[in-house]
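Full structure from sequences and hints, please.
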Amino acid sequence: MSRIVFLTLLSHWRRKPGQLATLLIGLSLATALWTSVQAINAEARASYDAASVTLAGGAVIVLTAEGGDIPLATFTALRRDGWSVSPVIEGPLTVDNSVFTLRGVEPLSAASRTGGIAGPAGNGGGPGLEFFLRPGVLLASPETATALARSGLDLPPVQVSANLARSEIVTDVGVAAQLLGRGETVDRLLLDPEARAGLTPLDALVPELRRSTQAVSGEVSRLAGSFHLNLTAFGLLSFAVGLFIVYAAVGLGFEQRRGTLRTLRALGAPVSTLIPALLVEVLVLAFVAGAIGVVLGYGVASALLPDVAATLRGLYGANVSGSLAIRPEWWLSGFAIATLGALGATAQSIFKAARLPLLASAQPRAWAIASSRRYVLQAAAAGLLFFSAFLLPQIASGVVAGFALMASLLFGAALLLPPVVTVILNAGQAVARGPVAEWFLADTRQQLPGLAMALMALMLALATNIGVGTMVSSFRLTFEGWLDQRLASELYVTTRDEAQSAEVRAFLEERADAVLPIWSVETDIAGRSGELFGVVDHATYRDNWPLIVSETGAWDAVMRGEGLLLNEQTWRRLDLPMGSLIDFGGGPALPLVGVYTDYGNPNAQAIIGLDVLTSRYGDAIARLRYGVRIDPAQADALASALLRRFDLPANGVIDQASVKRFSLSVFERTFAVTAALNVLTLSVAAFAMFASLTTLAAMRLPQLAPVWALGLTRTQLARLELVRAVVLALLTWLVALPTGLMLAWALLNVVNVEAFGWQLPMYLFPADWVRLAALATLAAVIAAALPARALATRSPRAFLQTFAQER
Amino acid sequence: MLVRVENLEKSYGSGSERQAVLRGVSLAVSAGESLAITGESGSGKSTLLHLIGLLDAPDAGEIWIKDEDLSGLDDKGRAERRRHQIGLVFQQFNLVPSLSVKANILLQARLANRIDDAWIDALTERLDLNACLDRFPEQLSGGQQQRVAVGRALAARPELLLADEPTGNLDEETSAQVLDLMLELCADAHTALIMVTHSMTAAERLSRRVHLTGGQLT
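Chains A and P, in that order, are what the protein sequence lines are.
Okay, so the first sequence: first residue is 1 according to my numbering, each after it adds one.
Okay, so the second sequence: first residue is 1001 according to my numbering, each after it adds one.
Hints were generated in silico from the structure; no laboratory data involved.
Ideal Cβ positions, reconstructed from N, Cα and C, are used throughout, including at glycine.
One should not assume that every hint holds.
[Stated by the list, open to error] Incomplete in silico selection of chain P near chain A, CB under 10 Å: (1) SER1014; (2) SER1071; (3) ASP1074; (4) ASP1075; (5) ARG1081; (6) HIS1084; (7) PHE1090; (8) LEU1095; (9) PRO1097; (10) ALA1103; (11) LEU1111; (12) ALA1112.
This is how it looks when you write it as structure tokens:
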């Protein structure tokens, strides 16, 4: 019996393939967007983990030379003295237009230093160091190994390691030196910070080398966590929008099958058979949609991942592979989320089916007729959500609280939409003149329950678009202004070493208005690893570095060596009042006298007087870079003269415009993913509207037939359907606008501060709103076009049949 | 005795708006017998049919089918009896729109797991539905749809056929045809028929008639 009931239920979808397609597309899109975000997050996490496995399991001291290369003799000297040291050579290896990072390490010392390098795949996860003892072998991820094998290049044999990042190839130092065409030098030395007692101090043994602590992957992973949370929130939002489609499609499907369910029960199918059959049906649909969704999600993730990789590099300096691997956990999570989503969206329909009275009228009727009581309840729930949105920032902090605030705002507004639109339609009806206008408004109000879900989905997408758009545009405007101020120097010069640096400085001082050293040292600032800059006393800083909080005469205090400026994100994280003493090593702490904006930098940064910096850190300072102030008209000539006179490194002289261009391109790539997800969410919402209008169109005939009989032509009715879609889309946009602006406020003042540590001013972009209204109108017209066309060309017999059936 | 109901009572609404629809109705129907229940609109005849058909539960009284009291059955038990012992024909046909004519006819027989191909063939032949077995309900006329409903109700050879205004949506000629078929087929299958109708002409075709007024048989 269960089989017959199940097949009878399924027969509905066979007769309504459009509705089935709507349901599957909705669920697939929801799953796809969710899966793609999960895939991107998983890929990024895998890259962090792989980087962690490849080199450095914890804090490592990195020794580098000013000129870039360290002679192998230095490595030998350190080793002989008893230091636990490992050499690293690194460089790009181009294979078929793909650039991989080739890293050469010394196996034994790397093993003792790092606790092992990933062994070949299928090796049971053992260290696999014996592999390195065989000369001339490359270690690469399965994808990279395939790419290398396909290239046809004369390369050493490749061993596969699933734990390596896909952009990396690891081999021993000798092979790497050969492939990269290097001589008897290495790029850096990794040193165990827990040195044995009795060793010669590094300052005495290798005074020419600079020491720094390598940022470990855990740190990067933690920093990038906020970004991934951001993506996850977007994924969830898209999923929610997709579920609105499923909810609407399932609801309509249920209404249309109400008669069938009653008939089945009357013929002897008990509820205890019907409900499991409905559940199995949902699971089958979820399985199919889940499979389609995961495949689609893979496509979306593949398209977005390069931008995400760029974002993570730009924002956090994290290295993420730009290509995607298929992981079994996506399939599982895709199916799980599709099933949960489908069950969630169909729960109400299944509940209704379980309680369906056997003897009520079996005629199909329009979707749930909204009662004023339901709207009152919805408005009350919306009020509750708004209140919690107001309370959240006062009682909780953190990125999660920020997102909870946004979720409360968005879903509160979504719930409020149908009551607000009803009120507006009622008001319109009160002032409407003429029977057609009155019928149009009343009929629109009657249709609202059937369209509410799609309109709520559209509202969510529009509000997100306005909110995120306002945030990004405000950020862009602020960032550009900030760059204009901060990049005051006309030229930026980088030298090869300190000897060349001194010559360049002398050369410039004769020709430029001012030469501003950009000297820094990596050190702990208030207990956090960061970069400490020293500045000379020059008007450029006073005029161009905006301080968001400062004491009077802050710059004077810095120049006198009596104060310190801190970047905004560190100041916010530490929550320090002005005048707090900030320790930065090498001597007594200095009081905090000001805070400056420092967008895009996840680390601590501080500015002190140059004299203080040089007196405390002396030789540890990298004295290689300068900002040059000169009449802009003479900047090009001076740049040419510099390049002619000195053998500067690549990009040794960069003009202001190039730096700005580069910074803005990093900015644009950073938000490319957000923009793409924005468009995708809007597309899903447009589809929701199309799906609802198409499905409702089939049930609309009994309501339209009497008006047709009274004298309106089919074309007029079709035109009115189009107008209705546009009116509803514009009303939705009207509600989305303030919601989006509140969302932007929350993003700029709560989420950004929590996630990145910087607060941004909010600007308004009315032209964007108008553009979005036009887009919403267009989406509505496209969504309504097919149903309207079908109505305009419907045969009069179809209209007449509704009267016959109503007899 | 195939069906016996005793002192059935049923009310709808609550509090001061509570309205008694059936007030102590008792009747009995033998196997193969046909009974017409007539009455004005609101007299309770459809309610009585729904109670006998186990589609609803009485407030008081007993329903016996083949010497078994079914008044206390739960939803599953009532569904099982409907599936195996009762055929139903409604005024609105209530066909499953997504199933073909043939699938609609076979539906109850399949649910009851009681398929008799020879009987089904004879049924579709007698109902003159062979030409439209692969069509869907929306492609049929009202008379054809009701013939499909009759076929569906009798496909599992139930002991009792309940028909609620089966000709209420049909013209006079078609009504007569459908009624003829129902009576013939019930006779062939030795199925008892209880039919609710407004039409005295239709009622007179059945072997016995009872009239319901204000929730009581007269």
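Hints versus structure:
1. SER1014: Since chain A brings no Cβ nearer than about 15 Å to SER1014(P), farther than 10 Å, the hint is violated.
2. SER1071: The hint is violated - SER1071(P) has no Cβ within 10 Å of chain A, the shortest such distance being about 17 Å.
3. ASP1074: 9 Å, holds
4. ASP1075: Because about 6 Å separates ASP1075(P) from the closest Cβ in chain A, which is inside the 10 Å limit, the hint holds.
5. ARG1081: With Cβ-Cβ at 8 Å, under 10 Å, it holds.
6. HIS1084: Holds, about 7 Å.
7. PHE1090: With a closest approach of 8 Å, the PHE1090(P) hint holds.
8. LEU1095: At about 7 Å, which falls below the 10 Å cut-off, the nearest Cβ of chain A leaves the hint on LEU1095(P) intact, so it holds.
9. PRO1097: The hint holds - PRO1097(P) has a Cβ within 10 Å of chain A, the shortest such distance being about 7 Å.
10. ALA1103: At about 7 Å, which falls below the 10 Å cut-off, the nearest Cβ of chain A leaves the hint on ALA1103(P) intact, so it holds.
11. LEU1111: It holds, given that the least Cβ distance between LEU1111(P) and chain A is near 5 Å, below 10 Å.
12. ALA1112: Where the cut-off is 10 Å and the nearest Cβ of chain A is about 7 Å from ALA1112(P), the hint holds.
In summary, the numbered hints that this structure violates are 1, 2.
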